[in-house]
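Colleague: Kindly generate the complete structure, drawing on both the sequences and the hints.
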Amino acid sequence: MEKTLHFTVDGKEYNLTFTRATVIATERMGFNVGEVVTKPITSLTYLWRGAFLANHDTLTIAEVDELLTKVQTKGLLDALIDLYKAPIESLFDNEGNSKNLVAWTVT
Amino acid sequence: MDGDITAIPSSNGEVGEGEGSDTQTLVSTADIFDKAFPEYLVMGMTYDEFYNRDHTLVKAYRYAYKRKREECNRDLWLQGAYVYEAIVRIAPALNPFAKHPKIEPYLDKPYPLYDKEETSEDVKSKAVADKGLAYMQAQMMNINKKFGLTG
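Heads up: the protein sequence lines correspond to chains R and B, in order.
First residue of the first sequence? That's 234 in this note's numbering, and the numbers climb one at a time after it.
First residue of the second sequence? That's 1106 in this note's numbering, and the numbers climb one at a time after it.
Because the hints were derived from the structure by calculation, they are not lab data.
Note that the Cβ used here is the ideal one computed from N, Cα and C, for glycine as well.
Certain hints may be false.
[Unchecked claim] Label pairs and their computed distance ranges (CB to CB): (1) Gln1184(B) <-> Thr291(R): 50 to 58 angstroms; (2) Asp243(R) <-> Asn1157(B): 21 to 29 angstroms; (3) Thr241(R) <-> Asn1157(B): 21 to 29 angstroms; (4) Asn1178(B) <-> Met234(R): 28 to 36 angstroms; (5) Lys1214(B) <-> Met234(R): 40 to 48 angstroms; (6) Asp1153(B) <-> Glu296(R): 23 to 31 angstroms.
Modeller: Structure below.
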C-alpha cells in the first residue's frame, strides 16, 4: 500500500501522495532534492504542490498554497520527502539479497 | 530481473564519475524510472500502472514474475521428466540386438502434483472416522444431560 498523508480542512478530506509521474512533474516544477537543506521553504512548497497532483489535480496552485497555510508545518517537510522518495525506493527493493548487505545504525 | 531493475546506470556518462572530471553527474529521477520501466513492461505492467498508480505495485509484479519463472522452470523440468520416462520405457526396443524387446507402456496417469492425492480408501476411512466422532459427541451430550452439565 502506498504512503499517503491525510488531513481534513473545512470538512474536505485530502490524501496526499506521489506516483512516479507526479515525482517527475514535481521535479519539472523546480523541486531539486539537493536543495532541501539549503532551500527548505522552497522545497516544501514544491513538494506540497506536487503531492496534490496524484489525487487532487483539479485544485489550482493558489488553492493548494492556501491549504499550506492551514496545516501544521512541523515535520511536514520530512513527511513529504518520505512520500516523494517512496516511488523511487520501491524500485530499489533489496529484500531478496538483504542478507548480503551490511547493516547500519543511526545514533 | 533482480540486477537490471535496481542497477543505477553507470559508465556511460549518465551518472557516476566522468572521465577526467571531478564532478559527478547525477541521473534524473525520470531517467531512473524510464530505465526501469521496460523491465516492468516485460513483467506485464502497463504504463499507467507504473507511472500513475500505487507505486508499491512494482513489488507485487516482481514477486509474481519470480513465481511465474519458477513455475515455468518446474513445468520444463516436468516435461523433461516425462520425456525421460518415455525413453526409458521404450529403450528395449531401441536395442538392435534384442530379439523380443519388452516395451513398457507409457504412464497410465500423470505424476501427482501434490505429495499425496486423496484415494477412495482415504475417503472411506475419513467417513468412518467422522461417523465415530459423531457417535462419541452424541454420547457425551447424553452424559452431560444426564448429570445436568452444560456445554
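Colleague: What hint numbers does the structure not satisfy?
Modeller: Of the numbered hints, all hold.
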